[in-house]
Amino acid sequence: MKHIGKQTIQLDTPPTILQTASIVGPKEGQGPLAKYFDQCLEDEFWGEKTWEKAESKIIKETVNTVISKSGIASSDIDYCFAGDLLNQCISSSFGLRELNIPFFGIFGACSTFVESLCLGSIFLDGKAAKNVLCATSSHFCSAEKQFRFPLELGNQRPPTSQWTVTGSGAAILSATRKWSIYNSSYSWKDCRYGN
Amino acid sequence: MKPIETKQEYSDYVDKKSPNSPILKNCFNAFWVGGLICTIGQLIMDFCKYKGMDETGASTVVSITLIAISAILTGLNIFNKIGKFAGAGSLIPITGFANSIVSPAIEYKSEGYVMGVGGKMFTVAGPVLVFGISASVIIGIIAVLFAH
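Chains as they are written, first to last, in the working numbering: chain H, 14 to 208; chain D, 9 to 156.
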């Protein structure tokens, strides 16, 4: 691993994305990418009492999904890099604490996931880990509450205003294993049609 | 297409591509909904006067009634739909002020009653109160100094 140029790190052995998983909310489930998600929720609360608990459950279930899809035991994952948009990264720290994997909480707003992939790759290439878990989450309602206005406030949005994703994505990076999509029985399920 | 080089060119490009808010439609909706709210207020006022209340009492009843209606509609998740439709029409009358206090109270209830509801209730209305009250104090001092 060496530092080339100003902002580039060259890895000696590029890591592999072993497996990925994602769970999204109802609005994302209506979009053109719906067939690529593992699960599309119909309820933004997902049975929880607060937006923050719902977001925490989304990242927890996404990480459980990616671990079960990858076929490796959670004890074989050495570190976890994850973050979200909330104060003190509460949704990822509470969602992932039951896994008992050493956890690095990161914050990069929109770039959190790529940041986690960068840091995870450097850990793998530096031989500090064999497998790392990278994850992120956000929830429209908790982000509105944190950064903008309460949902019940009667304000207007311009047609070009942004909409924070409700959902979570996770990937397992591996230094040694290869991408498992070819030898797993997993197939994409199209959640647009409720199957 | 020629490459975008300056910030101005980029901003022009974005303006060209992004859809505009439907200003005329928004103004029309704001006008009639705002007018309707004020008419309801006037009806309540006339009714109170008809029942024998004086001017001050009647206008207090109007404020209280409109605030109560707006707070209940906010709790029922209806006011934000009216607000999205009517914009300033429902925001500028006292209904909007009630909504701006009730909506954080609902949203932050999950953080507890004291530090959540109590502490965060004025996150939206707080600046209005601070600068509104400060301005009225300053105007009051000026009035005392020069009007007598």
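Worth flagging that the hints you see were computed from the coordinates, not collected in a lab.
Glycine is no exception: its CB is placed at the ideal position from the N, C-alpha and C atoms.
Each hint should be verified, as a subset may be incorrect.
[Said to hold, decoys possible] With a straight-line cut-off of 30 Å between C-alpha atoms, the simulated BS3-like cross-links for lysine-lysine are:
(1) H:LYS66 - D:LYS57
(2) D:LYS15 - H:LYS19
(3) D:LYS92 - H:LYS62
(4) H:LYS19 - H:LYS82
(5) D:LYS128 - H:LYS40
(6) H:LYS62 - D:LYS25
(7) H:LYS66 - D:LYS15
(8) H:LYS40 - D:LYS15
(9) D:LYS89 - D:LYS25
(10) H:LYS48 - D:LYS117
(11) H:LYS62 - D:LYS89
(12) D:LYS89 - H:LYS40
(13) H:LYS40 - D:LYS92
(14) H:LYS66 - H:LYS40
[Stated by the list, open to error] Selected chain H positions facing chain D (in silico; Cβ < 8 Å):
(15) GLY60
(16) ALA86
(17) PRO172
Against the structure shown, which of the earlier numbered hints fail to hold, in ascending order? Violated hints (numbers, rising): 1, 4, 6, 7, 8, 10, 15, 16; every other hint is consistent with the structure.
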